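Novice: Protein sequence lines, in the order shown, are assigned to chains A, B and C.
Mapped onto our numbering, the consecutive letters of the first sequence carry residue numbers 1 to 268.
Mapped onto our numbering, the consecutive letters of the second sequence carry residue numbers 1 to 297.
Mapped onto our numbering, the consecutive letters of the third sequence carry residue numbers 1 to 375.
FYI, nobody ran anything at the bench for these hints, they're computed from the structure.
Any given hint might turn out to be false.
[Unchecked claim] Derived lysine to aspartate or glutamate pairs resembling EDC-like cross-links, with alpha carbons at most 20 Å apart:
hint, chain 1, residue 1, chain 2, residue 2
1, C, K166, A, E160
2, A, K257, B, D109
3, C, K168, A, E52
4, B, K134, B, D109
5, C, K143, C, E130
6, A, K93, B, E14
7, A, K156, C, E174
8, A, K156, C, E68
9, A, K156, C, D69
10, A, K156, B, E14
11, B, K111, A, E52
12, C, K182, C, D328
13, C, K42, C, D78
14, A, K169, C, E174
15, A, K169, C, E130
16, A, K169, C, E118
17, A, K169, B, E14
18, C, K168, C, E118
19, A, K225, A, E52
20, A, K169, C, D84
[Claimed, not checked] Some chain C residues close to chain A (C-beta under 10 Å, calculated; not the full set):
hint, residue
21, V85
22, P86
23, A87
24, T92
25, S98
26, P103
27, F113
28, R117
29, E118
30, L165
31, D173
32, I320
Bear in mind that the values here come from a model prediction, so they are computed numbers and not experimental data.
Ideal Cβ placement from N, Cα and C applies to all residues, glycine included.
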Amino acid sequence: MKGQGLRLYAILYLVFLYAPIVLLPIFAFNDATIISFPLRGFTTKWFAALAELPTLHQALKNSLIIAVSSSVLATTLGIFASRASTRYEFPGKGGLMGLIMLPLVLPEVIVAMSLLMVLLGIGVDLAIWTVILGHTLICTPFAIAILSAAFQSLDKSLEEAAYDLGESKLSTFRLITLPLVMPGIISSLLISFTISLDEFIIAFFLAGSEPTLPVYIYSQLRFPKQIPAIMALGTILVALSVLLLTIAEYFRRRGLKKTGAKDTGGFL
Amino acid sequence: MDEKSRWHRFRRSEAFAGLTLISPTALYALLLLLAPLATILAYSFLTDGDTVTRIVWEFTFDNYITTWTQPIYRAVMMRSLSVSMMVTAVTVILAFPVAYYVSFHVSPDRKSLWLFLITIPFWTSYLIRVFLWKVILGYNGVINSGLKSLGLIDEPLTFILYNVNSIVLTLAHAYAPFAILPIFVALEKIDRSLLEAGQDLGESRLMTFWRVTLPLAMPGVVAAVLIVLIPTIGDYVTPQLIGGGKIPMIANLIQSQMLDQDNRPLGSALAVSAMLIVTVVALAFVLLNARFLRVKK
Amino acid sequence: MNTVPQAAPAPIATRPTMIEFRDVHKYYGDYHALRGINATIKAGEFFSLLGPSGCGKTTLLRTIAGFEDISSGAVLIDGKHMADVPANVRPTNMVFQSYAIFPHLTVEQNVGFGLRREGGTTAEKAKRVEEALEMVGLKGYGKRAAHALSGGQRQRVALARALILKPKVLLLDEPLSALDKKMREQMQVELIRLQRQVGITFILVTHDQEEALVMSDRIAVMFEGQIAQLADPETLYRRPNSRQVANFIGVMNFLPARVLTEAAGRIAIDVQGLGQTEIDATQAPGVITGGETSVGFRPETLTMLYEGQTTTERETPGTIEEVVYYGDMTYYDVRLDGVDSPVRISMRNVFGRPVLDIGTRTRVAWSAGALVLFR
Numbered sequence: 001m002k003g004q005g006l007r008l009y010a011i012l013y014l015v016f017l018y019a020p021i022v023l024l025p026i027f028a029f030n031d032a033t034i035i036s037f038p039l040r041g042f043t044t045k046w047f048a049a050l051a052e053l054p055t056l057h058q059a060l061k062n063s064l065i066i067a068v069s070s071s072v073l074a075t076t077l078g079i080f081a082s083r084a085s086t087r088y089e090f091p092g093k094g095g096l097m098g099l100i101m102l103p104l105v106l107p108e109v110i111v112a113m114s115l116l117m118v119l120l121g122i123g124v125d126l127a128i129w130t131v132i133l134g135h136t137l138i139c140t141p142f143a144i145a146i147l148s149a150a151f152q153s154l155d156k157s158l159e160e161a162a163y164d165l166g167e168s169k170l171s172t173f174r175l176i177t178l179p180l181v182m183p184g185i186i187s188s189l190l191i192s193f194t195i196s197l198d199e200f201i202i203a204f205f206l207a208g209s210e211p212t213l214p215v216y217i218y219s220q221l222r223f224p225k226q227i228p229a230i231m232a233l234g235t236i237l238v239a240l241s242v243l244l245l246t247i248a249e250y251f252r253r254r255g256l257k258k259t260g261a262k263d264t265g266g267f268l
Numbered sequence: 001m002d003e004k005s006r007w008h009r010f011r012r013s014e015a016f017a018g019l020t021l022i023s024p025t026a027l028y029a030l031l032l033l034l035a036p037l038a039t040i041l042a043y044s045f046l047t048d049g050d051t052v053t054r055i056v057w058e059f060t061f062d063n064y065i066t067t068w069t070q071p072i073y074r075a076v077m078m079r080s081l082s083v084s085m086m087v088t089a090v091t092v093i094l095a096f097p098v099a100y101y102v103s104f105h106v107s108p109d110r111k112s113l114w115l116f117l118i119t120i121p122f123w124t125s126y127l128i129r130v131f132l133w134k135v136i137l138g139y140n141g142v143i144n145s146g147l148k149s150l151g152l153i154d155e156p157l158t159f160i161l162y163n164v165n166s167i168v169l170t171l172a173h174a175y176a177p178f179a180i181l182p183i184f185v186a187l188e189k190i191d192r193s194l195l196e197a198g199q200d201l202g203e204s205r206l207m208t209f210w211r212v213t214l215p216l217a218m219p220g221v222v223a224a225v226l227i228v229l230i231p232t233i234g235d236y237v238t239p240q241l242i243g244g245g246k247i248p249m250i251a252n253l254i255q256s257q258m259l260d261q262d263n264r265p266l267g268s269a270l271a272v273s274a275m276l277i278v279t280v281v282a283l284a285f286v287l288l289n290a291r292f293l294r295v296k297k
Numbered sequence: 001m002n003t004v005p006q007a008a009p010a011p012i013a014t015r016p017t018m019i020e021f022r023d024v025h026k027y028y029g030d031y032h033a034l035r036g037i038n039a040t041i042k043a044g045e046f047f048s049l050l051g052p053s054g055c056g057k058t059t060l061l062r063t064i065a066g067f068e069d070i071s072s073g074a075v076l077i078d079g080k081h082m083a084d085v086p087a088n089v090r091p092t093n094m095v096f097q098s099y100a101i102f103p104h105l106t107v108e109q110n111v112g113f114g115l116r117r118e119g120g121t122t123a124e125k126a127k128r129v130e131e132a133l134e135m136v137g138l139k140g141y142g143k144r145a146a147h148a149l150s151g152g153q154r155q156r157v158a159l160a161r162a163l164i165l166k167p168k169v170l171l172l173d174e175p176l177s178a179l180d181k182k183m184r185e186q187m188q189v190e191l192i193r194l195q196r197q198v199g200i201t202f203i204l205v206t207h208d209q210e211e212a213l214v215m216s217d218r219i220a221v222m223f224e225g226q227i228a229q230l231a232d233p234e235t236l237y238r239r240p241n242s243r244q245v246a247n248f249i250g251v252m253n254f255l256p257a258r259v260l261t262e263a264a265g266r267i268a269i270d271v272q273g274l275g276q277t278e279i280d281a282t283q284a285p286g287v288i289t290g291g292e293t294s295v296g297f298r299p300e301t302l303t304m305l306y307e308g309q310t311t312t313e314r315e316t317p318g319t320i321e322e323v324v325y326y327g328d329m330t331y332y333d334v335r336l337d338g339v340d341s342p343v344r345i346s347m348r349n350v351f352g353r354p355v356l357d358i359g360t361r362t363r364v365a366w367s368a369g370a371l372v373l374f375r
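So here's chain A without its partners, still in its complex pose:
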C-alpha cells in the first residue's frame, strides 16, 4: 500500500527528470528550425550540419585534450592525497585536506575568478593549459573522494602480508595495491573526464581564444538558426554519456566479481 504510492511517485519523478532530455532526440530529428510542436517531419540534416562546422570540431578537440589531461592529473594528485590521508597521520593533515577539498564547496565562479585574477596579474596568456589548471583543481576533490573509499576498503594487512613475504614497498604497491584499487582509479578517471568535458564556467573565463565544447555551445545559443543543430549535438553528447556510464558500470561490476567483493550500489 505505502509501497505502491511511493513507487508511483518515484516513477513520476524519474519521468520528470528525463522529460527535458527526451526532447533532444525528438527535435534533433525534427524538420523545423524552431523548437515547438507540432512536429514537422523526420530529417537527419541537423546531424549532417554538424560535420560542416570547423569551429565545433576545434572546440571538441580542445575539450578532449583538456578532459584527458585534467582527469589524468586529477587522478594522480588524488592518488597521492587519498593514500596519504587514509594511511598516515601527520601534522596539518586536517588543514591540508580541507584546502584540497575546498573546491567542492566553493561556487565555481569564485574559483574561476580568483584564478583568472592571478593569471592576468602575472600576465599569462589564457590558453588550453590554463583551463587544464582550473579543471584539475575542481576534479581532484572528486578523485580523492572515490580513491579514499577504494583505499579504505583495502585491507591493510594485504599490504603488510606482501611486505612480510619479501616484497619492497614499491613492488607491494605495484602488485597488490594498484590492482585492487584499479576500479577506483578507473572510476576517478571517468568521472573527472566527464566533469571536465561538461564544465562551463572555468572554461568560459580561462579559455581565451580556444573555446571548449560547452563554451562553443553557449556562444551558439544566441543564434536561433543554430538551435536545431545544437539539439543534434546535444543528442549525441547525451548518448555518449549514457554509453560511457554503462561501460563504467559494467567494468565496476566486473571488478567486483573478480575480487569477490559485495555490490554496494554504484559509484557511491
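Chains B and C: place on chain A using the hints.
Specialist: Leaving out everything else, chains B and C in the frame of chain A:
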C-alpha cells in the same frame, strides 16, 4: 638525543611519509587555490583605478560598504539567497520520498539499477539541460506550442520564462540527483533491526519514521541541503539563460564587475561577501540541525 | 575429544634460543604499550602469547615481525639484533588475523607469492607450491580463485604461503578467532601436527586460554604490557603466580585465609570454610602483591561425597546452592559452612551416581596439596 638521530627518526616516521606523500597535491592546492583566494581577498580591500591602472594599492573598506549598502547589490544578494533556499527546499523535500523508496522498497539487486537511472541525467551536459528548459518554457517553446496545438490556449503563456520561478524550476531539476544520493546513503546505513524493534514495541509506522528513521537520516539530509545550497547560490548559467540577462544572481554580478566593468576590487568584495553568506547559511543550517536532533533525544 | 599427538622432541630448556626480548619498551605517543618485556623463546617450540585484548600481545608479535618499532630495548632473532632490519628481510613470516589472502590472485599465485624474488625455475617453484598445498591439506586447490574459499580454507592458504618460504619463525595473530567452534578445534590439531612436521618455532597470539593450553609448549600470560607469568601449561594451571593469572586461566575458587607460621619450607594457614592446614612453600609461588591473602583451588580438586562414602582426605560440610548439568560433567555451587560466597565444584558424571539436588546437605573432600596461596 643528538640531532642526527632525531632527523633520522623523523625521516623514518609516519609523519614524514604522510607529508611527503601529500605534498604534490597540497602544493597544487596552495598555489592554485589558496594563493588566488588570498589575492582576491587582498583586492577586496584595495581601490579601483581608472582603466589604465587597474588597481590602486590603497587600503579601503569602500568596496564592502558598497556591496552591503547599495540597494542593487543587496537586492541581488537577497535574490540569490532566496532562490537557492527555495531550490534547496523544493529539491530536498521532493527527493526524500524517492530516496526512501529505493532504500526501503526496492530489492537489493535492483538498487544499483535505480541509482544508475537516477544519476544518468546528472552526467549529461548541464549547459544543455538549462538550455532545454529555455526551449521548453519559451514563448514559442515546447509547452506553449504544445498547449496551443492541443487547443488548450490561444495565446502563449508569458509567465513561464524570464522570471524567478523559472530559474527555481530549472535549478531544481538540475540538482535533483544531487539531493537524492546523500539521503539514500544515510537511509541505507540505518540498521533495519532498529525499525523492527520499534514496531515490535508497538509503535505505528508513522511514529517509527518520525522518531527513528528521520533523525537517523538527518546527516544525509544535511549533506543534501549543503550539496544543493552551495552551488546554486553561485550559479551563473541558469540566471543568464533563463533570466534573459535581466535577473542576475550573485555570480553574474561578480562577473560583470570583474570583467565588464573592470572593477576588480568591487568584484572581489562581492565574491568574498558571497562566500561569507554561503558559509554563514551553511553553518547556521548545520547548527540548527544539531540542536533539532539534540532536542529530539 | 581431541587427541594430541604425543611424540615430543628434546625438552624445551635444552634447545637453543631463537627469540630474545631484552627489556623491550614501546610507546605510542604517551601510551606505554610494552613495559619492559624480558623473555626468551626456544627454537622449535610452540609458544603462545596469551592475554585479554589490549594487553600488548599483538604489539609484541608485530615487533618480532618488524611491523612495529620498539622504543627501547632489543629484539634478537637467532642471535642477531633486529633494530635496523626491515620486516621484508627478517627470517619470520606471519599469518594475519584476517588471513590477508590476495583476492585478485588464485590459490597457487597466493602461495607462490613469496617465491617471486627467489631463484629457481618456474617448474621448481610450481613443485614447491604443490608440496606446500599438500602439506596443509589443500591438494588440487591451486587453480581456485582465492576469494571463493571458506574461512578454514583461507587459513590453510595463509599457512602454506608463509611456510613455503621456510622461515625460522612462524607468527600467528589470533588465527582461529574467526572460525566456528568445530572448525577451531579441528585447526588446533592441524596446527600442532604442522608444527611437529615442519619443526620450526611457532608463536601464537590468542585471547582464548583453552586454545593456548591445548597447543602450546609454553605460554606467556600478559596483562597491561607486561608478562605476568611465563611457563608451560601445567605449571600455569596448577601454580599460577597471581590471582590475575589464576583467574584468567580456567576457573579458580578463592577462600580468604590467614598465614599462621612460616618455617623450613612449610607454611601453616587457616582457611575460611576449610579450617587449619599446612602447605608447602612451593604452593605459594606468587609475587607478594599486598592484597587480601587468599587460597585458590580448581573446581576439579574438590570432591563431593555421597551418603556413606568415606575418604582419606579432610572433610568439610556445605549446602548445594546451584546445579549445572553439562552432559559429561556436573558443576555444583556449594556454600561451605562459615563462608559467604559459594565455591564451584566439578564432578564427572560417572554411571550409577545420581546428580544431587539443590538444597542437599553434603560433605566436601579436599586436600592441602591442591591449594595455592596468594598474598
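Novice: Taking the earlier hints as the rules, which of them does this structure contradict?
Specialist: 3, 4, 11, 14, 15, 21, 32
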